[in-house]
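Now for the letters of each chain:
2 protein chains.
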Amino acid sequence: MSSSAKWVPEDTPYVVIDSAKMERNIVKMANLAKGSGVALRPHVKTHKVPAIARNQVEAGAVGITVAKVSEAEVMANAGIRDIFIAYPLVTEEKIQRAIALRQRTRLIIGVDSLEGARRVSAVAGREEHILEVRLEVDTGLRRTGVPYEKAVELARDVDSLDNLELTGIYTYRGAVLDGSPTLDLKGAGLQEGELMVSLADRIREQGIGVQDVSLGSTPTARHAVGVTGVTEIRPGTYVFYDRMQARMGACSLGDCAAEVVATVVSRPIGDLAVIDGGSKTFATDVQPGGEPLNLVGFGEVVGHPEAVLERLTEEHGMISLRGGNDLRVGDTLRIIPNHVCSTVNLHDALFLTGEDGTVEEVPVAARGKVW
Amino acid sequence: MSSSAKWVPEDTPYVVIDSAKMERNIVKMANLAKGSGVALRPHVKTHKVPAIARNQVEAGAVGITVAKVSEAEVMANAGIRDIFIAYPLVTEEKIQRAIALRQRTRLIIGVDSLEGARRVSAVAGREEHILEVRLEVDTGLRRTGVPYEKAVELARDVDSLDNLELTGIYTYRGAVLDGSPTLDLKGAGLQEGELMVSLADRIREQGIGVQDVSLGSTPTARHAVGVTGVTEIRPGTYVFYDRMQARMGACSLGDCAAEVVATVVSRPIGDLAVIDGGSKTFATDVQPGGEPLNLVGFGEVVGHPEAVLERLTEEHGMISLRGGNDLRVGDTLRIIPNHVCSTVNLHDALFLTGEDGTVEEVPVAARGKVW
Numbered sequence: 016m017s018s019s020a021k022w023v024p025e026d027t028p029y030v031v032i033d034s035a036k037m038e039r040n041i042v043k044m045a046n047l048a049k050g051s052g053v054a055l056r057p058h059v060k061t062h063k064v065p066a067i068a069r070n071q072v073e074a075g076a077v078g079i080t081v082a083k084v085s086e087a088e089v090m091a092n093a094g095i096r097d098i099f100i101a102y103p104l105v106t107e108e109k110i111q112r113a114i115a116l117r118q119r120t121r122l123i124i125g126v127d128s129l130e131g132a133r134r135v136s137a138v139a140g141r142e143e144h145i146l147e148v149r150l151e152v153d154t155g156l157r158r159t160g161v162p163y164e165k166a167v168e169l170a171r172d173v174d175s176l177d178n179l180e181l182t183g184i185y186t187y188r189g190a191v192l193d194g195s196p197t198l199d200l201k202g203a204g205l206q207e208g209e210l211m212v213s214l215a216d217r218i219r220e221q222g223i224g225v226q227d228v229s230l231g232s233t234p235t236a237r238h239a240v241g242v243t244g245v246t247e248i249r250p251g252t253y254v255f256y257d258r259m260q261a262r263m264g265a266c267s268l269g270d271c272a273a274e275v276v277a278t279v280v281s282r283p284i285g286d287l288a289v290i291d292g293g294s295k296t297f298a299t300d301v302q303p304g305g306e307p308l309n310l311v312g313f314g315e316v317v318g319h320p321e322a323v324l325e326r327l328t329e330e331h332g333m334i335s336l337r338g339g340n341d342l343r344v345g346d347t348l349r350i351i352p353n354h355v356c357s358t359v360n361l362h363d364a365l366f367l368t369g370e371d372g373t374v375e376e377v378p379v380a381a382r383g384k385v386w
Numbered sequence: 016m017s018s019s020a021k022w023v024p025e026d027t028p029y030v031v032i033d034s035a036k037m038e039r040n041i042v043k044m045a046n047l048a049k050g051s052g053v054a055l056r057p058h059v060k061t062h063k064v065p066a067i068a069r070n071q072v073e074a075g076a077v078g079i080t081v082a083k084v085s086e087a088e089v090m091a092n093a094g095i096r097d098i099f100i101a102y103p104l105v106t107e108e109k110i111q112r113a114i115a116l117r118q119r120t121r122l123i124i125g126v127d128s129l130e131g132a133r134r135v136s137a138v139a140g141r142e143e144h145i146l147e148v149r150l151e152v153d154t155g156l157r158r159t160g161v162p163y164e165k166a167v168e169l170a171r172d173v174d175s176l177d178n179l180e181l182t183g184i185y186t187y188r189g190a191v192l193d194g195s196p197t198l199d200l201k202g203a204g205l206q207e208g209e210l211m212v213s214l215a216d217r218i219r220e221q222g223i224g225v226q227d228v229s230l231g232s233t234p235t236a237r238h239a240v241g242v243t244g245v246t247e248i249r250p251g252t253y254v255f256y257d258r259m260q261a262r263m264g265a266c267s268l269g270d271c272a273a274e275v276v277a278t279v280v281s282r283p284i285g286d287l288a289v290i291d292g293g294s295k296t297f298a299t300d301v302q303p304g305g306e307p308l309n310l311v312g313f314g315e316v317v318g319h320p321e322a323v324l325e326r327l328t329e330e331h332g333m334i335s336l337r338g339g340n341d342l343r344v345g346d347t348l349r350i351i352p353n354h355v356c357s358t359v360n361l362h363d364a365l366f367l368t369g370e371d372g373t374v375e376e377v378p379v380a381a382r383g384k385v386w
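Those protein sequences? They're chains A and B, same order as listed. Heads up: the first sequence begins at 16 in my numbering, then just goes up one per residue. Heads up: the second sequence begins at 16 in my numbering, then just goes up one per residue.
Misleading hints may appear alongside valid ones.
Here are the simulated EDC-like pairs of lysine to aspartate or glutamate, each with C-alpha atoms no more than 16 Å apart in a straight line [claimed, not checked]:
(1) B:K36 x B:E321
(2) B:K384 x A:E370
(3) B:K165 x B:E108
(4) A:K43 x A:D270
(5) B:K384 x B:E108
(6) B:K43 x B:E73
(7) B:K384 x A:D270
(8) A:K165 x A:E130
(9) A:K36 x A:D270
(10) B:K384 x A:D363
(11) B:K384 x A:E130
(12) A:K36 x A:D286
Hints were generated in silico from the structure; no laboratory data involved.
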């Protein structure tokens with residue numbers, strides 16, 4: 016990424032990215048995949064920035080993963096030439112836009128139901144295209160994905176549809192083991208890998224040439240790559256890491272490349288400091304508490320281990336100082352967010368700092384792409 | 016608001032606004048204020064759309080309330096000529112930008128500490144301006160605002176600073192009574208009004224000419240206007256209302272003008288439907304549960320009272336159908352969000368529907384303004 020002249024953001028709050036840490040995270044994950052003979056196809060939802068996606072590809076990723084056609088369009092416009100939309104596309108508009116994208120990039124899309132696959136097949140037939148699809152399988156997260164025990168049957172049905180080429184299976188599960196959230200990342204990664212490899216084998220027994228067995232989130236990827244038969248991992252958060260990943264043991268707090276910079280605007284009573292960032296600045300999808308993470312507060316206040324970002328309203332962050340009482344109005348704090356992906360989605364820009372002190376403002380070009 | 020040619024959004028998810036309901040909500044609140052002899056200064060954080068702010072002013076609002084200088088800039092650019100930034104500005108950059116705005120609009124800013132007020136005074140002095148300020152008072156929410164019992168003393172200190180004109184006091188408390196969340200909106204509104212009127216009187220006894228006694232959120236405004244001495248209310252959410260307000264009794268679900276339109280993308284198992292909107296589409300700052308609201312799920316699925324939007328990940332909304340099992344892949348759902356303000360902040364545009372069936376795409380121009 017090219018760095019520009021020295022410059023600082025106009026004001027707080029903003030998200031700062033330590034470029035050196037980010038590059039280290041990118042290279043480390045690329046090397047892990049390379050060393051295991053597994054393809055890396057990072058989910059770019061974490062940064063939503065084309066230049067960072069290009070960094071990931073230059074470091075060795077085979078392509079990228081996105082959740083939305085509109086994100087794929089942003090990334091294709093920026094020159095990414097291999098994109099997996101890991102999401103079931105079921106509306107005519109989205110399927111048509113996906114087909115249009117194929118003029119410029121290799122494109123794979125997800126399917127997880129016969130009804131959805133029929134829709135894709137119908138639009139692809141009308142447009143006289145053959146679309147590469149992967150079957151999404153639920154391995155325990157209970158969101159999209161055909162139930163594991165019905166996957167072979169659906170693979171057969173999808174494979175029989177016209178204008179679709181079923182080339183792989185994929186799952187997203189995160190840190191879940193035997194159906195429950197876990198801190199046993201190794202157990203979770205191995206189980207995820209074994210479930211998918213075994214399923215791929217059974218689908219192949221049906222004469223279906225499934226090549227890609229794709230899985231692996233940031234917490235489980237490093238263990239899943241050890242399972243023979245896994246061909247691809249799709250971690251996203253590793254590019255920046257966050258407090259949730261550190262708590263899970265997927266990284267250390269020192270690996271976290273993204274911090275929110277905020278200013279203390281009020282010290283109304285002894286134990287309370289209020290900062291100029293609330294739920295418009297910090298994501299609230301990963302709440303404090305909750306087994307097994309038991310996160311305390313909405314972020315890690317760097318250098319103030321006693322401080323807890325306890326409550327958020329839209330524009331206010333309430334920090335309980337719990338005795339560590341040295342903050343003043345106007346002081347600047349750096350806070351590692353609980354969940355960096357959804358935090359980045361709240362911001363129009365990221366501020367990348369280089370080791371030479373340069374700061375570059377980078378638009379979050381694929382932010383807020385809901386279609 | 017001018018309506019354009021018939022047009023529908025490209026795809027789901029998106030936020031649709033029923034223009035007729037919105038206009039009704041705007042007029043009703045304007046009439047309430049007018050009938051009580053109280054000024055209405057709506058907080059525009061709920062919609063963040065200049066044209067809707069102009070609607071509110073045309074219906075009788077004296078001006079608007081914002082939380083950020085950057086929001087004030089967007090609104091001043093759109094012709095709004097009376098803006099209250101109800102937030103303590105403590106950084107030089109923000110204070111300078113506020114002063115610059117005064118060339119184009121009446122501007123009032125919040126102060127809640129002597130340290131903060133000194134900063135404003137210093138910058139105003141350097142720029143040779145006198146800034147109109149209001150003192151923010153905490154009446155029970157425990158975020159910004161000088162503690163109630165210290166407000167008279169701080170008013171005296173602020174009033175003695177150069178280049179500041181202290182013209183009012185304000186509070187934001189919402190539905191809180193005696194320090195705890197409540198469904199007794201009347202009790203909360205009356206208490207809020209009485210606390211602030213009594214405080215204003217005591218400040219005036221010090222020879223400080225406080226004119227404006229400003230308070231009132233959407234749930235409490237209609238009761239607070241009944242307290243003699245209250246001069247202004249600043250409700251925001253009433254423009255659209257939302258599920259939280261309906262649950263509090265501030266409106267009915269039928270008054271809610273904003274809905275998220277989403278598509279069922281997966282029906283993996285009998286009781287689960289997955290929609291194409293998750294925590295990037297629905298705000299997660301107002302979570303299910305929590306006394307006294309006890310909201311069930313992240314939104315009200317219109318026409319499907321048995322369906323619960325139980326879990327959200329970034330791009331997935333998991334709906335538990337609890338037996339009401341008639342949804343299919345491709346079906347479209349309309350969902351009233353728990354908290355509309357933070358939901359709107361996730362979207363780049365709103366889709367306003369007229370009674371004649373026209374649909375107008377309106378950019379959320381002040382979205383994501385963090386500075």
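Results of checking the hints against the structure:
1. Among the hinted pairs, B:K36 with B:E321 is inconsistent with the structure: their alpha-carbon atoms are about 25 Å apart, more than 16 Å.
2. With a C-alpha separation of about 28 Å, the suggested pair B:K384 and A:E370 falls outside the 16 Å cut-off, and the hint is violated.
3. Straight-line distance between C-alpha atoms of B:K165 and B:E108 comes to about 28 Å, which puts the hinted pair past the 16 Å bound.
4. For a cut-off of 16 Å, the pair hint linking A:K43 to A:D270 stands: about 11 Å separates their Cα positions.
5. Annotation: proposed proximity of B:K384 to B:E108 holds, straight-line Cα distance about 15 Å (limit 16 Å).
6. Restraint check for B:K43 and B:E73: the C-alpha separation of about 13 Å stays at or below 16 Å, so the hint holds.
7. Our distance criterion of 16 Å between C-alpha atoms is broken by B:K384 and A:D270, whose separation comes to about 29 Å.
8. Straight-line distance between C-alpha atoms of A:K165 and A:E130 comes to about 14 Å, which keeps the hinted pair within the 16 Å bound.
9. Distance hint between A:K36 and A:D270 is fulfilled; the C-alpha atoms sit about 6 Å from each other, no more than 16 Å.
10. About 9 Å separates the Cα atoms of B:K384 and A:D363, which keeps this hinted pair within 16 Å; it holds.
11. Proposed proximity of B:K384 and A:E130 is contradicted: the alpha carbons are some 41 Å apart, above 16 Å.
12. A distance of roughly 33 Å separates the Cα atoms of A:K36 and A:D286; the hinted pair therefore is violated under the 16 Å criterion.
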